[in-house]
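**Q** So the sequences go chain by chain: A and B. Using the working numbering, read the first sequence as starting at 1 and increasing by one per residue. Using the working numbering, read the second sequence as starting at 549 and increasing by one per residue.
Worth flagging that the hints you see were computed from the coordinates, not collected in a lab. Glycine residues also receive a C-beta, built at the ideal position from the N, C-alpha and C atoms. Hints may contain errors.
[Stated by the list, open to error] When the alpha-carbon atoms are kept at most 20 Å apart in a straight line, the in silico EDC-like pairs for lysine to aspartate or glutamate are as follows:
#	chain 1	residue 1	chain 2	residue 2
1	B	K839	A	E304
2	B	K839	A	E382
3	A	K18	A	E382
[Claimed, not checked] Which chain A residues face chain B? A few, computed with CB under 8 Å, are given here:
#	residue
4	P96
5	K243
6	M335
[Unchecked claim] On the chain A side, residues computed to face chain B include the following (Cβ under 10 Å):
#	residue
7	T68
8	I69
9	G331
10	A338
11	R367
12	F370
13	C374
14	R376
15	F402
16	D403
17	D407
18	C423
19	P428
Residue-level listing of the chains:
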Amino acid sequence: MRRLHQFKGGVVLKEHKKDSTRMPTQPARLPPSLIVPLKQHIGSAAEPVVAVGEKVLKGQLIARAGDTISAPLHAPSSGTVRAIADHPVPHPSGLPAPCIHIDTDGEERWRPRERNIFNFAELRPAELREIIREAGIVGLGGAGFPAWVKLDPQGRAVDTLILNGAECEPYITCDEILLRERALEVLAGLLMMRHAVQAKHCIIGIENNKPTAYRALVDEVRNTGADVEVVEVPTIYPTGSEKQLIQVLTGQEVPAGGLPIDIGIVCHNVGTAYAVYRAVELDQPLISRTVTIAGSVAHARNLEVLIGTPLAALIEECGGNRQALRRVIVGGPMMGIAVHSDAVPATKTTNCVLVESAMHDVPLPSRDVFSLPCIRCGHCAEACPINLLPQQLYWHARAQNFDRVQDYHLFDCIECGCCDYVCPSQIPLVSYYRHAKSKIWEQEEEKRRADRARQRHQFHELRLQREKQERAERHKKKRTAVAKGGDDKKAAIEAAMARVRAKKAAQDTAPKNTGNLTPEQQAKIDAVDAQRAKARQTAETTPADDDA
Amino acid sequence: MNLISPPAPHIHGGSRVSAMMLKVIVALIPAIIAYTWFFGWGLVINTAIAITTALASEALMLRLRRRRLAPFLGDGSAVLTAMLLAFSIPPLAPWWITVLGAAFALIVGKHLYGGLGYNPFNPAMVGYVMLLISFPREMTGWMPPHILDQLEIGFVDTLGMIFLNHFPYDLSLDALSSATPLDLVKTELGLNNTVSEITANNALFGDFAGTGWEWVGNWLLLGGVLLIYQRVITWHIPVAIIATLFVIGSFFFLADPDTYSSPLFHIFGGATLIGAFFIATDPVSASTTPKGRIVYGIGIGVLIYVIRTWGGYPDAVAFAVLLMNMAAPTIDYYTQPRVYGHPRGKS
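Isolated chain B (complex conformation):
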């Protein structure tokens, strides 16, 4: 008779990293559909390219590091990183941009630090920032909503644009692309126009943020709330980021509505919502204590507002997240919760 005698506990709740990642991926899908509706097939194609590259890079690094392939390739983290990266790349960016970004995210951002669980920075944002700094032209070629529909450019044409740099109707990327609402506000404010002058009668601006972007934002918000409900993430980080943006945004907006955009514009514009729910909440690189998560979220919110308003970039989610990633271990150390039976006011 051979009894096995493993240590307690003898049961497990069945939670798995792959299941968590899958839930995040599923929560992202409504926003991807909305994005495709407004901006065409580019995101879908980029996502496919990014996932393929990410899995290949991960497999390569696992092989080089002599790790088991199956459990790590199947954990879903590389797929999620790829999807978040693809979301932050302009939909008509050439294929090699996406390949470079995904490979850099996985190889440098993740595996050179030790792979799953050991990367201090969010790998998708590492890849994105590398691309933004290295290839600013390709990385700022955003489009106004529905332009591809109007031109009747479909899936196959989009494939041609991305892979072969082959644009129909003798168009070019420059001709198709335009500034994002955040870009526009920043540039025009620099020219001493007021916010109401900028947004009035401009099709780029919707009810409270950019047309199209606000809808993508709504679906991201829904996906994020679903993740909180499913206890994949906690409310602390997204609420802290959004609340901070709202408070600071309101303060400046109320003080001077001509110079400062509305808080809703900050929340629903740019990458705020995907950042708050899907990127800043990446557990590996975020703060982990409840109080720490709030501090971390406030930090990201402040940095987003400061960089957007006074910094050199129109959007700032990636920089804000990466900067707060650096601070996360220190934040965690100083925000330890009070342990049962220990006096209040001391950790």
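With the rest of the complex left out, here is chain A:
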């Protein structure tokens, strides 16, 4: 038996997990169109490799990974690319983002199988990582960090690979049901991951409120004889947070600002292990995942959902009334995002769709709109699993005192919401921290930009000065040159001027085109000239007429 440790604080929440585990998982209905967001995780967006109007097969690559921290996307079903355009996505901002829209043809035709792996243990770890990378697998538990990056210890020794099946947020049961139904596949995926990181030990951590899932795993471990420890951990929110689970299982803490790999630990979600199994064994990229649909729906349950399926379709499939929706939360009630529209699609990180109807038939006791001032009771500090002082953070975040707020380790906050949950003044604490974080990032970005601008400006000044100097030197050179050879030049100019004057004079006196005149013409001209001369004479004698 492994000796378990405790993390500080945390809260005990009502679980609400029974409803959605009554029915087995089944594939969600194929929607008429799938909307696949190009950016579904931390890092950079994927780049589309299909054109509008192109036919795609299920599992076909439709967008390749961007920079390092990115993951490729695959067509979740066969059909036609209708558009590559902005669409609402599950993001707190509610802003639309570029998505690939696919009209499904209902045939679900797979792309041909590209590889057959009979024994993954024969692959080199790097090859295994490459398969996982190409399958577009990201962490299915939370932020969706590309899985292959976390599976690359970069030469560092991995002592323990932890598989996170804690699933501590209320309502969410997708990991639990996956473990119940697919324990063997999850275990296989875990062993593949273990091979990729060459971990010495393997632990699967499950909260002790899922005895069926625990037993299923224990049975499979016994049947297969795998060297894997299955450990039940106490049900305290947020045990499912990576840092807390590592602390509970190993007693070690992830260094601040560091990663679990710094202490020889790699942590992955059970859903990710299943995705790895499917990619390696079945050659299937990550195009679907288990999603819990819970809350104000007639049949709360888990569905195998194609990435890109609009949430509205899932809610309707589970008997939710779309007209009466009040709040749709993607994720759990503690850390999930309340989306602005039910048209947003399910993504690789959508573990739960929690529906609240205007009828309030599901207890989601919200914070009061009016919060009282902080009374410094310190309940937040008692609940904080990171051992922060939330009320001090709040105080300085509210005062926009961003230096002080960092003194109090704002950036160690995991935004689990425990402080918020216990606050008797009902202050939206986490919102203050998020706001302060984004302000600090903004300021840093601004500072970087300002630094760049200042550098550019200094360079510009320097260049202007240099040009001025160069010009001055050029002028000086010219002036000296003019001074030295001045006489020749003057003479040349004088000569040119004289030539011009002579030409002008000639033009004035000699009429043009007078070469081929007939005698009659000549006579006429002479007559006119005579008249003109006469007129000129009269004009000269009576100048006053002009004035009249």
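Given chain A, put chain B in place with the hints provided.
**A** Coordinates of chain B only, in the frame set by chain A:
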């Protein structure tokens, strides 16, 4: 379709300031009953006067500060302040003492600093100290236990004494009142009597502290333990105060039992227990970090003992609390807990 999209978390545990205050108020009630049993209806009447004045002052200040009335009047903090203040005023003090104290506590001690959550000092103690310094005669008119029972002075008579200064049997406040055990020990020690001489055969002294006072203390202790159990307060401050008094008290008592009272006398006498569980634990003005709370409690314990033993006042809880209130922000800054993932030995 209009979806609302508030930020996470989307659920709340349901804790409220008003509920916390109510729990503290309830925890205080057994002690109030015990107090009334020993010292008559004065406390009940004073509590009613103080609550009325406190709520009126709070409403007035909220109006002047253009704040919403309902959430703040309903938070229970003014009621609690009033109750703690009434507890520290002699039971037969004239009504205007209580009115002045409660109004001063709320207006100056609380709202001039910004109201709920912003007062650096415990408002009840601000009101009490103002009264003690300004009206020493009225504020030291304590009574021996059961004297009102013996004289068969009931509720209506007490009302008359407090509101109309009308004393039955041609009595006066001076005639009724006597020194508290703490007072007596202090005065008599000054006259070079030994502690055992002072306490022997004096009905004012009970088993380990003052008669009556020890029972009030027991109920305060029970209420305080209940508050810790309900997680309204943490153990740090009360345990630190009591332990400090016990340690220092024992040291001097063992060294010279004739000159120094027993540690139990210090713990169960005077305002130690109400101070430790109900006054020093006022979250707004106390230290908030676990280590800080212990430092804060030790500070209060030391100050109580020092002022009681060598200072000019027989009791010192109010001064000790107010002095440590001043130090609380600094204590908090230097006692930050180690954050997850940060090296030990550094904050």
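**Q** Now tell me if each hint is right for this structure.
**A** Hints and how they fare:
1. The hinted pair formed by K839 of chain B and E304 of chain A fails the criterion: a straight-line CA distance of about 50 Å is larger than 20 Å.
2. A threshold of 20 Å between alpha carbons decides the hint, and for K839 of chain B with E382 of chain A the separation of about 13 Å falls inside it, so the pair holds.
3. About 29 Å separates the Cα atoms of K18 of chain A and E382 of chain A, which puts this hinted pair outside 20 Å; it is violated.
4. With a least beta-carbon distance of about 14 Å to chain B, the hint placing P96 of chain A at the interface is violated under the 8 Å criterion.
5. Here the hint on K243 of chain A is kept, as its CB sits about 6 Å from the closest CB of chain B, short of 8 Å.
6. Below 8 Å, beta-carbon pairs count as interface contacts, and M335 of chain A has one with chain B at about 5 Å; its hint therefore holds.
7. Annotation: T68 of chain A was flagged as interfacial toward chain B, and the flag is violated, the nearest CB pair being 25 Å apart, outside 10 Å.
8. Because the smallest distance between the Cβ of I69 of chain A and any Cβ of chain B comes to about 22 Å, over 10 Å, the interface hint for this residue is violated.
9. Hint status for G331 of chain A relative to chain B: holds, with the closest Cβ pair at about 8 Å, below 10 Å.
10. Contact between A338 of chain A and chain B, as hinted, is supported at the beta carbon level, the nearest pair being about 4 Å apart and thus within 10 Å.
11. For R367 of chain A, the interface hint holds, since its Cβ comes within 10 Å of a Cβ in chain B; the closest pair sits about 4 Å apart.
12. Residue-level restraint check for F370 of chain A holds (minimum Cβ-Cβ distance to chain B is 6 Å; threshold 10 Å).
13. For C374 of chain A, the shortest C-beta to C-beta distance to chain B is roughly 5 Å, which falls under 10 Å, so the interface hint holds.
14. With a least beta-carbon distance of about 5 Å to chain B, the hint placing R376 of chain A at the interface is held under the 10 Å criterion.
15. Contact between F402 of chain A and chain B, as hinted, is not supported at the beta carbon level, the nearest pair being about 17 Å apart and thus beyond 10 Å.
16. The closest approach between the C-beta of D403 of chain A and any C-beta of chain B is roughly 14 Å, which is over the 10 Å cut-off, so the hint fails.
17. The interface hint given for D407 of chain A is met, as the beta carbon of that residue sits about 9 Å from the closest beta carbon of chain B, less than 10 Å.
18. The criterion of a C-beta within 10 Å of any C-beta in chain B is met by C423 of chain A, whose closest approach is roughly 7 Å, and the hint holds.
19. Hint status for P428 of chain A: holds, given a least beta-carbon distance of 6 Å to chain B, under 10 Å.
Hint check: violations occur at hints 1, 3, 4, 7, 8, 15, 16; the rest are consistent with the structure.
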